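Peer 1: Okay, here's what each chain looks like letter by letter:
Protein chains: 2
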Amino acid sequence: MTEISRRGLLLVMSSPSGAGKTTLSRRLLAADAGITMSVSVTTRQPRPGEVNGKDYHFITHEEFGRLRDRDDLLEYAEVFGNFYGTPKRPVMEALQAGRDVLFDIDWQGTQQLAQAMEGDLVRIFILPPTAEELRERLIRRAQDSSSTVAKRMAKAADEISHWPEYDYVIVNEDINAAGAQIDAILTAERLKRHRRVGLTQFVRDLTKGL
Amino acid sequence: MTEISRRGLLLVMSSPSGAGKTTLSRRLLAADAGITMSVSVTTRQPRPGEVNGKDYHFITHEEFGRLRDRDDLLEYAEVFGNFYGTPKRPVMEALQAGRDVLFDIDWQGTQQLAQAMEGDLVRIFILPPTAEELRERLIRRAQDSSSTVAKRMAKAADEISHWPEYDYVIVNEDINAAGAQIDAILTAERLKRHRRVGLTQFVRDLTKGL
Numbered sequence: 003m004t005e006i007s008r009r010g011l012l013l014v015m016s017s018p019s020g021a022g023k024t025t026l027s028r029r030l031l032a033a034d035a036g037i038t039m040s041v042s043v044t045t046r047q048p049r050p051g052e053v054n055g056k057d058y059h060f061i062t063h064e065e066f067g068r069l070r071d072r073d074d075l076l077e078y079a080e081v082f083g084n085f086y087g088t089p090k091r092p093v094m095e096a097l098q099a100g101r102d103v104l105f106d107i108d109w110q111g112t113q114q115l116a117q118a119m120e121g122d123l124v125r126i127f128i129l130p131p132t133a134e135e136l137r138e139r140l141i142r143r144a145q146d147s148s149s150t151v152a153k154r155m156a157k158a159a160d161e162i163s164h165w166p167e168y169d170y171v172i173v174n175e176d177i178n179a180a181g182a183q184i185d186a187i188l189t190a191e192r193l194k195r196h197r198r199v200g201l202t203q204f205v206r207d208l209t210k211g212l
Numbered sequence: 003m004t005e006i007s008r009r010g011l012l013l014v015m016s017s018p019s020g021a022g023k024t025t026l027s028r029r030l031l032a033a034d035a036g037i038t039m040s041v042s043v044t045t046r047q048p049r050p051g052e053v054n055g056k057d058y059h060f061i062t063h064e065e066f067g068r069l070r071d072r073d074d075l076l077e078y079a080e081v082f083g084n085f086y087g088t089p090k091r092p093v094m095e096a097l098q099a100g101r102d103v104l105f106d107i108d109w110q111g112t113q114q115l116a117q118a119m120e121g122d123l124v125r126i127f128i129l130p131p132t133a134e135e136l137r138e139r140l141i142r143r144a145q146d147s148s149s150t151v152a153k154r155m156a157k158a159a160d161e162i163s164h165w166p167e168y169d170y171v172i173v174n175e176d177i178n179a180a181g182a183q184i185d186a187i188l189t190a191e192r193l194k195r196h197r198r199v200g201l202t203q204f205v206r207d208l209t210k211g212l
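If you're matching them up, the sequences are chains Z and B in order. For the first sequence, position 162 matches number 164 in the numbering used here, and the numbering has no gaps at all. For the second sequence, position 22 matches number 24 in the numbering used here, and the numbering has no gaps at all.
Among these hints, one or two may not hold up.
Where chains are identical, the list cannot tell them apart; a pair therefore holds if satisfied intra-copy or between any two copies.
[Claimed, not checked] Straight-line alpha carbon distances no greater than 27 Å define the calculated DSSO-like cross-link-like pairs of lysine-lysine that follow:
1) Lys90 / Lys23
2) Lys153 / Lys210
3) Lys23 / Lys194
4) Lys56 / Lys153
5) Lys56 / Lys194
6) Lys23 / Lys153
7) Lys153 / Lys90
It is worth saying that the hints were derived from the structure and are not from the lab. What you are looking at is a predicted structure, and each value in this text was computed from that prediction instead of being measured.
The shape of chain Z in the complex, shown without the other chains:
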């Protein structure tokens, strides 16, 4: 097949907790060799089983401050006193090499990423089919206390309110249908003219003989 070099893209999937994002991300990463997960830096302690360089790059507060001050982070956030951020360099290298990067970030991270990388960004928002479905999943996850459920519901409503900032919206009613929709979006976005940086040369060669 004709190979036309292209610039990679940055895929953000955001959703309220419980809408199936994690399952859809895993499915995509397993099926598509062209996309890899962005590994964030964080100042929090590793949890049991977490692997440095795979789940996160675990760094000190000083290292984090240096990255941020040098503008080496595409987006970052503080959550309960811990810092999280996306290092710029691996993302830029992936884009140049025609590899795609998947991000697991919320609307705040997405806003920051859009500010820096608008033309490379593909934003998908995943919605649950019904409120009942979402509530049940949230209750199932928060087995501890009813205040946690209330907090999670408020957080879900807050996250959902940002759907208009995304390029695509998918309703995850059936995981296979939603997965196929994500695949189609990725296929289409890879065919976007402005990403196919090799086209200029390809067309030059093509029209030479006409």
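Given chain Z, put chain B in place with the hints provided.
Peer 2: For chain B alone, kept in the frame of chain Z given last:
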């Protein structure tokens, strides 16, 4: 499945003659019930077998002039003294009803359509894989004279030079692969947030219970 009403879209496929556009259009129209071909008006005489209202709306020069003067055409062109144009009304009705419309127009028609309907337009440019392939197909079609072949090649080069004005570029090396790529583009574009006009209501219902 959850039905979210959406605005239709306008799909333009352009290509030099001989790149497989006609085959790909027919394939799409046969497989996808959500898209129909735009029927142009023309002042030229019907050819044997052409059906009024299906292949074209055959109209007089006076009728054409009236449509044009009332701004009832989305794009129009004159070719060898005959006028061709796209009537606005059926397109607007399709968009409102969530139906998609396919156009068989060249880069000049596409430019006019983009001026009027930018946000609704999805432009795909189809390229042949090699110059040799295109030349052979042009020769096969123009069995009459070598001057026709030269003219067709010049026309092909002219058409190809407008690829940067399109949203997506597909290289038609294998008709099934190219068809699948068009399907993916259509699936993705239908999931674009700004077309899914029913989302506001859907999210309102969804978050009411949270």
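Peer 1: Against each hint, give a clear statement of whether it holds in the structure.
Peer 2: Consistency of the hints with the structure:
no., hint, in the structure
1, Lys90 / Lys23, "within (24 Å within a copy, 41 Å between copies)"
2, Lys153 / Lys210, "between (64 Å within a copy, 16 Å between copies)"
3, Lys23 / Lys194, "both (25 Å within a copy, 18 Å between copies)"
4, Lys56 / Lys153, "neither (30 Å within a copy, 59 Å between copies)"
5, Lys56 / Lys194, "neither (30 Å within a copy, 32 Å between copies)"
6, Lys23 / Lys153, "within (19 Å within a copy, 54 Å between copies)"
7, Lys153 / Lys90, "neither (32 Å within a copy, 51 Å between copies)"
Taken one by one, the earlier hints fail for this structure at numbers 4, 5, 7, listed in ascending order.
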